[in-house]
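Peer 1: Sequence:
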Amino acid sequence: MRNTTRSVVYLDQPDFFLSRSVLLNPTQFQPRLNAYKAYFVSVAQEIARSTGAPVTEAELTKDVEAVIAFETRLAEISAADENRTIIDRVYNPYTLSAYQQEIDAIRVTNPYAKIQYKSLLDQIFATSGVTVGSQEDIIVLETDYLRNLITVLDETDLRTIANYVHWRIVSGLVPETTQVMRDIKFEFDKVNSGLKEPLPRENTCASTSLNGFGMAIGVKYIEEAFDKDAKTNVDLMVENLRTAFKELLDEADWMDEETKANADKKVNVMKQFMAYPDWLFNQTRLEAEFAGLEIVPGKYLQSVLALSQWMSDSGLKTLRDITDKDYWLTYPGVVNAFYAPEYNSITFPAGILQPPFYRSRGPESINYGGIGVVIGHEITHGFD
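Residue numbers (full-length UniProt numbering): 1 to 384.
Read the hints as simulated data drawn from the structure, not as lab findings.
Heads up, a few of these hints could be off.
[As the list claims (entries may be wrong)] Derived Cβ-Cβ restraints for the label pairs, each shown as a range: (1) 168 to 229: 40 to 50 angstroms; (2) 65 to 272: 47 to 57 angstroms; (3) 284 to 247: 40 to 50 angstroms.
[Unchecked claim] Calculated cross-link-like contacts (lysine-lysine; reagent style BS3-like; alpha-carbon spacing at most 27 angstroms): (4) 271 to 196; (5) 62 to 190; (6) 196 to 37; (7) 114 to 62; (8) 325 to 260; (9) 228 to 271; (10) 271 to 231; (11) 220 to 185; (12) 196 to 185; (13) 266 to 231; (14) 231 to 325; (15) 62 to 185; (16) 325 to 265; (17) 62 to 37; (18) 265 to 246; (19) 299 to 220; (20) 317 to 118.
By construction, the Cβ of each residue, glycine as well, lies at the ideal position given by its N, Cα and C atoms.
Work out the full structure, taking the sequences as your base and the hints as a guide.
Peer 2: Shown next, in the form of structure tokens:
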């Protein structure tokens, strides 16, 4: 975050399958934890059945309970979200070798508890074409978590650690496998998120396609369901609201002049991305977006895994690149808006430039009360 012209490797604490608050408050969230355990056991049973693995329900339950206890310990050493917004707290620069020396200095009983970060990053970057050296600059966001992680790993048996890692992979792929597995997940979702009925299969397919091929799908969306005049009109609205924001800065009597000047400079250079990238209808450029991606006809799960690997490698390959300030962070069909601090940019995809947020032939007052509020909201995110 201190140098936004280049990319860097970050080490951070993970997200959890259940939220941190659920894991740390078992009495309050007992129904959700019970549903989680039942879901975990049922998925493991179905995998054992389909692979012919000779394992009993009692053995599976014991393993599942150990994994959930391990995940709870990870949650206990993690930082709360409200503490993760303080830049000076989470911005901890190291070289990879210097950080490894700190980790190696922690005393353990089991050698496997010592994470070898160079080896780990070598495996992560293996198919990206990028080499990470021992003097690689890294940023460690949660130093306490990663130090305490060594102790937790040291006190946990390898079977449980391996089961946890495999579970995090499998749990992310459950919806992409069989109807039996999707039915198992639905029973969990009913308790965990209050889902009343399974999402229609066409919704799931559309969502998966959008996540993987959002720009290509965006071409058809713009051609068939978007008024291109909205791109120009809302661009003008952004400029008007930028001007209004600067006037509020000038009038603020609680800010000193230096702070006002810095805020004014920041809002002046804040980039805006509207509706869709200008290159979207350039077929050559569009095809270049998907270079190297191979989908296997008739092999859905294999294709999902290939897409995931390709998306991961596409991101990792940019490590040595100068930051592209014109990079689109999302797809045209997304119904949302974004402020990106690393780019100091605001993005309003075509998907949100539709009723009820925006009407091409609607009164300006209504549009300023709709998408205008969203624009103002995103601008002010630059000053959180």
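Peer 1: Hints the structure violates: just list their numbers, smallest first.
Peer 2: 4, 11
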